[in-house]
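Trainee: Mind docking these for me? Both chains are given alone in their own frames, and the hints should help you get the complex.
One line per chain: the protein sequences are A and B, in this order. The first sequence begins at -5 in my numbering and counts up by one. The second sequence begins at 6 in my numbering and counts up by one.
Keep in mind that the hints were calculated from the coordinates and are not lab data. You can trust all of the hints, since none of them are fake.
Computed cross-link-like contacts, BS3-like style, restricted to lysine-lysine with a CA-CA straight-line distance of at most 25 angstroms:
no.: 1; chain 1: B; residue 1: Lys302; chain 2: A; residue 2: Lys253
no.: 2; chain 1: A; residue 1: Lys258; chain 2: B; residue 2: Lys332
no.: 3; chain 1: B; residue 1: Lys169; chain 2: A; residue 2: Lys234
no.: 4; chain 1: B; residue 1: Lys199; chain 2: A; residue 2: Lys145
no.: 5; chain 1: B; residue 1: Lys295; chain 2: A; residue 2: Lys258
no.: 6; chain 1: B; residue 1: Lys302; chain 2: B; residue 2: Lys330
no.: 7; chain 1: A; residue 1: Lys225; chain 2: B; residue 2: Lys169
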Amino acid sequence: MNVIVCVKQVIDPEAPPASFKIDSAKNKVTLPPGVSPVVDPYAEYAVEAALRIKDAQGGKITALSLGANLLRDVVRKPLSMGADELILLEDEAFTEGDSWSTAYALAMAIKKVGDYDLILCGRQASDWDAGQVGSGIAEILGLPSVTLAQKIDITDGKARVERVTDDGYEVVEVSLPALITVSNEIGEPRYPTIKGVVVAKRKEPVVWKPADIGVESSQIGAAGQRTRLLKLFQPVREGKCEIVEGESPEEAAVNLALKLREAKAL
Amino acid sequence: MAEYKGVMIYGEVKEGKLAVITTELLGCGRRLADDLGQELCAVLLGSNVSSLVQEAIAFGADKVYVVDDPLLKDYQTDSYVSVMEKAVRQVMPQILILGQTSIGRDLAPRLAFRLGTAASTDCIELAIDPDSKLILQTKPVYGGNAQAIFTCESYPQIATVRAKAMSPLERDDSRQGEVITIEADLDPSAIRTKVLEKVREEVEGIKLEEAEVVVSGGRGIGDADGFKQLEELAKILEGAVGATRPACDNGWVPDALQVGLTGKIVAPTLYIAVALSGSSQHMTGCAGSKNIVAINKDPEANIFREAHFGVVGDWKKVLPAFTSKVKELLAE
Ligand SMILES: Cc1cc2nc3c(=O)[nH]c(=O)nc-3n(C[C@H](O)[C@H](O)[C@H](O)COP(=O)(O)OP(=O)(O)OC[C@H]3O[C@@H](n4cnc5c(N)ncnc54)[C@H](O)[C@@H]3O)c2cc1C
Ligand SMILES: Nc1ncnc2c1ncn2[C@@H]1O[C@H](COP(=O)(O)O)[C@@H](O)[C@H]1O
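Extracted from the complex, chain B is given alone in its bound form (with noise of 0.2 angstroms):
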C-alpha cells in the first residue's frame, strides 16, 4: 500500500491572484514540510489559473498540482470536494491545510468526511508532535475563552487556518518547482448546486483586514453618528473602522465592519477599542494585534483584561480630546 507522504495545502484565487491566506499557507505548509523532511505541494483549482503556479512556487511550493476546468470557475461544494478528493487519492498527503475562509470552511469538513479522515477547523497554530509525528492542531474554542489541542490518527490530517495566524515567506522567484497538471473528470450533473450570483460589499477606503490601524466601536457608541467620529480618527491614522456586533446588528454601521469569532480576523499594529466591552467573541478577532488601547467608561469591563493601554472615561469626552492631540502628534 502506497504511504501518506508530505504536506498540501488547498491554493485560495482571489481576482486571478493568490489570495493572502495562500501565502500564509504556504509559509506554514513549508515549516511542517521541513520539519518531516517532506515536500511541501499546492493545489490550485478554478479556471485559468495555471499562470499562478510560478507565484506558489516563489513563495514555498516545492510541486503545484493544477486542476483547470471551466467548471471549477465558482466555488461549488460538490464539484470543488470531488476533485480534492481525487487529488488527495493521488498525492496522498500525510497533511492538508486549508484556509477558514468562505470555502475552506465549506470545503474542509465535507472533503474530511468524505475521505474517512477528521478536520480541525480555525487553527492558529501548527506544529509537529516530535513523538508521534502527527500534527498539533490548536484552535480557540468556547468563542475564544480557551483554547484546544487536537491531533488526528487518520491520514490525511486536514486543518484549516485562520487568517493572519501563519507568516508567508520572502517571495523568493528564483526557486525551482514541477508542475502537475490533474484532470477534474467532473460530471456536470453531480454538481448539485448553481451559482445565481455574486455580491460583493466593499467598503470605501482602506481595508479592514489589510489596515494597520482599526478603530472600533461598540455598543457603547450609541447610534450611526457617533461612528462619524470614529472615522475621523481612522482618517488621520490611515486606518480603517471596526465595530462589534451589537453595532453592526443595530445597523449603525455595514455587518463587513464586524471583528471577531463570526467577523473580520484583523491583527493591526494599533487597535483602538472605543466603548465596547472586550467580549471573548469579539477579541479572537483582534487579540493578535500589536498594541490594544481601550477607551471605556466602566473600570472592571472586559477590555481592560486585553489592552495594553486604556483610559477610563466616557468616550464622547476622550475621544475628541485624543483625536486632536493625535493629529496635532502626526503634524510634527
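Extracted from the complex, chain A is given alone in its bound form (with noise of 0.2 angstroms):
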C-alpha cells in the first residue's frame, strides 16, 4: 500500500482566543507572539490513519505539504511519527491559494508522485475550516472519495470506511485508489517516539517548484484563485458577563438561579 497524506502548516488554533488578532487592512492572521506554526490537527488525524494501514499491511506513506516558508522542525512531524517521505511545494507561488489552487497543486504534484493507492487528507483544515481540497483533488485525478473518515479497513483492493454521519455512522466500501479524507473521530494521533525524531531529522525532503510539477503560476496559489476574500475580521462581542455572587459558592449558586428567573431564561 503506498500512501500518499497531504498536511497542511498552520497557526496553531489552540491558541488563546484572546491572542488572536487580525490586521484588517492586510485582511490577515497576525501570527500570535510566540505562539509556533502547528501541523494542522486534521491533518494529524490522516497520518495517523496512514500509520495504521502501514502497522497492518505495511507499504510506503509521502507526506505533501504545500507552502512558503515551512519549518523543517514542523513538517517533519509526519516523518518523525512514522512517514517514509516528505514532499515540499515551497515557493511564493503556491501560497495564498483558495481551496481550488491548492487541489491544482496538490492534484499535479500527487500525479508526479505516480504510484499511489490511497490519498488522505483532513475532513478539513484548522485555519480555513474549508473542507474541500480533498474532494477537490479527488475530482481532479478523477478518484471516489469517502470524507469524514472514523475508520479505513483494506482487505482486497479496497477500501472499507466508517464514515461520520449526522446522526452515527455509515460503513461505506470503495475501490482503490481512492481519496479519503480523515475526522478526529479516528482517535489520537500518536506522538512521535525519540527514534522517529532522530531519523526524520535524517531525512532531507524533496523540494518542488511549479516547474516540477508542470503547473502555470496562473493556476496555482493566488493567481488561480476562485474565490475572493473581501473581508476578514472578529466579530465584536457585547462582551458583558454579569458576574453573580454570593458569600459561599452554594448562594452564589442560589443568586444565580434567581438572576436567571429575573432574566426570564428560567
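Mentor: Following this line, the structure appears as C-alpha cells:
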C-alpha cells in the first residue's frame, strides 16, 4: 500500500482566543506572539490513519505539504511519527491560494508521484475550515472519494470506511485508488518517538517548484483563485458577563438561579 | 448562451420527511431570490421523495425538481454529484445552497469542482451585494476565532449553510408551485462506492440539536459520574446534555454529545457551560444561544468573555445548590 497524506502547516488553532488578532488592512491573521505554527491537527489524524494502515499491511507513506517558508521542524512531524518521505511544494507562487488553486497544485504533485493506492487528507484544515481540498483533488484526478472517515480498513484492493454522519456513521466500501478525508473520531494521533525524531532529522525533504509539477503560475496560489476574500474580521462581542456573587459558592449558585429567573431565562 | 438565473436549494430528506435544514435553506433561499427578483427552486433527490414536493412549496419554493430513482436511495458521492451536475446544467441557477451536513459537506465541494466553479462552506450569513449582485458569503474561520466574507464570480455560486443559521418561513399550504421531474440517467457502474451499513447512534431523551436548554460540561467535570449531575439538571430543565471534545475523547459521554466546530451546532434559549474553558472551537457551536451561563473556577477563563451570566467557583459546590434552587423555582 502506497499512501500519500496531505499535511498543511497552520497557525496553532489552540492558541488562546485572546491572542488571536487580525490585520484588517491586509485581511490577514497576525501570528500570535510566541506561538509557533503547527501541523494542522486534522491532517495529523490523516497521518495517524495512514500509519495504522502501514502497521497492518506495510507500505510506504509520503507526506505532501504546500506553502512557503515551511518550518522544517514542523513539517517533518509526519516523518517523526513514522511516514517515509516528505515532499514540499514550496514557493511563494503556491501561497494565498483558495481551495481550487491548492487542490490543483496538490493533485499535480500527486500525479507526479504517480505510484499510490490511497490519498488521505484532513476533513478540513483548521485555519480556513473549508473542507474542500480533499474532494477537489479527487475530482481533478478522477478518483472516487469518501469524506469524514472515522475508521479505514483495507482488504482485497478495497477500503472499507466508517464515515461519520449527522446521527451516527455509515460503512462505505470504495475501490482503490481512492481519496479519503479523515475526521478526528479516528482517535488520537501517536506521538513521535525519539527514534522517529532522529530518523526524521536525517531525511531531507524533496522540494518541488511549480515547474517541477508542470503547472503554470497562473493556475496556482493567489493567481488561481476562484473565490475572493473580501473581508476578515472578528465579530464584536457584547462582552458583558454579569458575574453573580455570594458569600459562599452555594449562595452564589442560588443568586444565579434567581438572576436567571429575573432575566426570564428560566 | 443561456443565462444563469434564480436560486436553487438542495433539499435534504431525512426519515421520509424534509430535514429541518431544508426548511432553513428554503427560508434563506426565498429571501435571496426575492432580493434578486428571481425564482427559488428546490431539488429533491432520492427514492420515493415525490410526496415531499408540497412541503417544499409550502416552505417557500416556486419550483421543485424531483429526481426519484432507486439508485439514489443512499447518499453516494458519485451518484449524487452526477445527478446534481445534470440538474444544475439544466436549470442554470445563479446560486446553489446546500446544508452543512454530512451530505452537503461531501457534495458541495466535489460538485463545485466538477462544474468549474467554487463553493464556500459552513456559511452563517448569505446576502446579495447591492452593487455586484453576487452573494456575500460569511463563514467562521480559524476555528471560530474570526469570520471571513467571500465572493465567487463564477456561476453557480455555491454555498453550504450551517444548521440553525437561517430561519424557516411559516409553513403555508396555500402556496402554489410547479413540479418538474428530472431523470437520473445513472450508470450503475459509474458509482464507485457501496453503502454496506448505516448505524444510528441515538441518545435517549431530548435531542441535543432540538433542546431549548443545554447543560454542557468540560474537562473540569473530571469523570462520567460528574456528568450524572449535569444530566439531573438537564432533566429538570427539560433539556439535553452537551460536552466539549475532551469530555467526549475521555469517554465520559458519547461522541454524539460533542458541541462545536466538529460536533453539534446548538442554539438553545439557555446554554449552561460547566467547567469548560470556552475555546473558540467549542463556542462556535453554541454562540447562537440566547443566554449563556458559565460556571468555572478560573475567573480568567475565556468562557467569561462569551457568557451573559457567570459564577466563579468550583462546580462541585455551585452546581448542586444551583440545581436545587432551579427545582424549587420551577415548582412554584
Ligand atoms: C481543530 C480543532 C477542532 C476542535 N473542535 C472542537 C469541538 O468541536 N468542540 C470542542 O468542545 N472542542 C473542540 N476542540 C478542542 C478545543 O480547542 C479545546 O481544547 C476544548 O474545547 C477544551 O475543552 P474544555 O473546555 O472542556 O477543557 P479545558 O480547556 O481544559 O477547560 C477546562 C475548564 O474547566 C475549569 N475547571 C476545572 N475544574 C473545575 C472545577 N472543579 N470547577 C469549575 N471549573 C473547573 C478550568 O478552569 C477550565 O477553564 C477542537 C480543537 C481543534 C484543534
Ligand atoms: N497547503 C496544503 N498543504 C498540504 N495539504 C493541504 C493544504 N491545504 C489543504 N490540504 C489538505 O486538505 C485538507 C482540507 O483542507 P481545506 O479544504 O483547506 O479545509 C487538509 O486537512 C489537508 O489534508
